[in-house]
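All letters in the sequence shown, in the order written, are residues 1 to 187 by this note's numbering.
Derived from the structure by calculation, the hints contain no laboratory data. Backbone N, C-alpha and C define an ideal beta-carbon position, used for all residues, glycine too. You may find that some hints are simply not true.
[Said to hold, decoys possible] SDA-like cross-link-like pairs, simulated, lysine to any residue; straight-line CA separation at most 20 Å: (1) K179 / A13; (2) K179 / V137; (3) K179 / N105; (4) K179 / A135; (5) K179 / T169; (6) K179 / G17; (7) K179 / Y51; (8) K179 / Q12; (9) K179 / I139.
[As the list claims (entries may be wrong)] Taking CB as the label site, the calculated pair distances span: (10) L1 / A33: 52 to 58 Å; (11) V181 / S160: 49 to 55 Å; (12) S168 / G50: 33 to 39 Å.
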Amino acid sequence: LNIGATDESEAQAHAYGGSAGGAAVGVVVADAAKTSEVIASLAGNSRVSGYDSLTVDADSRGRVKPEGFGARGAPPSPANGVGVSARDASRVRAQIGDDAVVAVNQALNVTASARPQASADALGVSVGGLAGLGASVAIARADVDVAAYVGDGVVLTADSVNVDASASTDGSTAGAYAKAVAGTGGT
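Construct the entire structure; sequences and hints are all you get.
Right, here's the structure in full:
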């Protein structure tokens, strides 16, 4: 018997801006967040028997990837700012509710996992005039909340029992990555 819940959603934001001439200031902001709640549960007071195994599994994964690019050019004073923020605040739960009775022939697994991929990229460029001012800020956060548990008063009969909660990367990307680049040039 398998009870599962999975969220593979992605959040993206792309912001681009530019200005030229006069004393204008350019500002670009991109923000993306994932705040999903993933719950796989065997309800309290449930009765399960006659199966080889029971797996209760909750999993969250998927990218959060905002990007921002801003450019400013021409005299007298080019100024440009780019701010980008990425956050994965997913909540993941795998659980067997209070007072459940579970009797399986082999394995009982209760697992919850999160693999956050929050990535923020900011690029700002200011060119022209006698002086230039540029700022780029990128913030990436992986604030996942992961738990796997068996409630109070639960009666379990199985050859093996595994209750595990983990938050990790998928091995090829960081859980949170931020890159900000700003450049200016004058005449």
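Evaluated hints:
no., hint, result
1, K179 / A13, "holds (15 Å)"
2, K179 / V137, "holds (8 Å)"
3, K179 / N105, "violated (51 Å)"
4, K179 / A135, "holds (12 Å)"
5, K179 / T169, "holds (18 Å)"
6, K179 / G17, "holds (18 Å)"
7, K179 / Y51, "violated (50 Å)"
8, K179 / Q12, "holds (16 Å)"
9, K179 / I139, "holds (8 Å)"
10, L1 / A33: 52 to 58 Å, "violated (35 Å)"
11, V181 / S160: 49 to 55 Å, "holds (51 Å)"
12, S168 / G50: 33 to 39 Å, "holds (34 Å)"
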